[in-house]
Amino acid sequence: MGPVAFVLIAGVAVGSALGLVFKRNPIHGALFLVVNLGSVAALYLTLGAQFLAAAQVIVYAGAIMVLFVLVIGMLIPGKEETGPDPRRAYRVLALPVGAVLLALLAVVVASGARGRAPAATAAPDGVEAIARLLFTDYLFPFELTSVLLLAAMVGVILLSRRREG
Amino acid sequence: MAPESWYLALSAVLFCIGVVGVIVRRNPLVIFMSIELMLNAANLAFVAFGHRLGTADGQAVVFFVMAVAAAEVAVGLAIIVAIFRLRRRLSVDDLSLIRW
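In order, the protein sequence lines correspond to chains A and B. Per the numbering used here, the first sequence starts with residue -3, numbered consecutively. Per the numbering used here, the second sequence starts with residue 76, numbered consecutively.
If we strip away everything but chain B, and leave its shape as in the complex, we get:
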């Protein structure tokens, strides 16, 4: 059994890779997938902490995170599709105005 601190370290690494993805990529779909990666890293930390404390609370929270992530992905992808219909391009650099 690997110690919990290893899981937390892995969680931090995955989260940082997700942050890098959000910053360096221009494709909104890849940015979105990087956000999923960060959510997933946070979930791993929740489960590791729950394991250390010996309670199921961490797992219950992860359950909610998954439900919220599902809703977020559905709405986010719908927004990306709607923007693509208007702009015909797929880059976050085009979306520098709040209104159009």
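Just chain A, with the same shape it has in the complex:
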């Protein structure tokens, strides 16, 4: 199971990375990068880094990539799409895919309800260790990060301000 899962996820990661580099349209590249970040998050899960996997999806695939897509949409105007959807045929797939997803979720929820869930008070593996490190050994860099983010915020506001006159 382990090696097979790794090879599958690694294949997705390499394929999406190649897609990012070799697709002409930057918006396709951005979507490939989202796939790549998601597959790396899955690899974090296989390494037992649940916190980083969640942070990867939320911070990278969520916040950072939304920023990229917004800027691409702002700077690279595409053609306005008119007429019928050229990929109308794919809509037929929507229902089966949705049904499969629902079935998967139902199986997961059912198996979770059957087995006894571990006590909710225990933090998931690794989160407590990371928190302990961040607030002891790495406390100074951690505080520096907040200064860095503030400086970045001020800098971006200055850079994106329109010059008067």
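Since the hints were derived computationally from the structure, they do not count as laboratory data. Every residue gets a Cβ at the ideal spot worked out from N, C-alpha and C, and that includes glycine. Keep in mind that the hints are not guaranteed to be accurate.
Interface residues of chain B toward chain A, partial, derived using beta-carbon atoms under 7 Å [what the hints assert, rightly or not]:
no., residue
1, ALA77
2, VAL88
3, VAL105
4, LEU119
5, ALA135
6, VAL137
7, MET141
8, ALA142
9, ALA146
10, VAL148
11, ALA157
12, PHE159
Since chain A is already given, all that's left is putting chain B on it; use the hints.
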């Protein structure tokens, strides 16, 4: 469980693809996304090494890399937008002078 060396190999492959992207592409946004790809490959190596050593230090470092990447993307995109306002074009070949 796949051995850690596989993760390191994948990390190297992803990093090299990112380098290729930085070198061959002319669009600053794609170059920027390739840099994100390289950061991500380095993060994967950090987590794999941390897993091998059995400590959380690797994951703590990745946390900092993510925070720095967020700041870097915000500032970098603002610079790209500012340059686009001046030049009306989006190619790194136009930016061969330090001053304008």
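Ascending list of hint numbers which this structure does not respect: As far as the earlier hints go, not one is violated by this structure.
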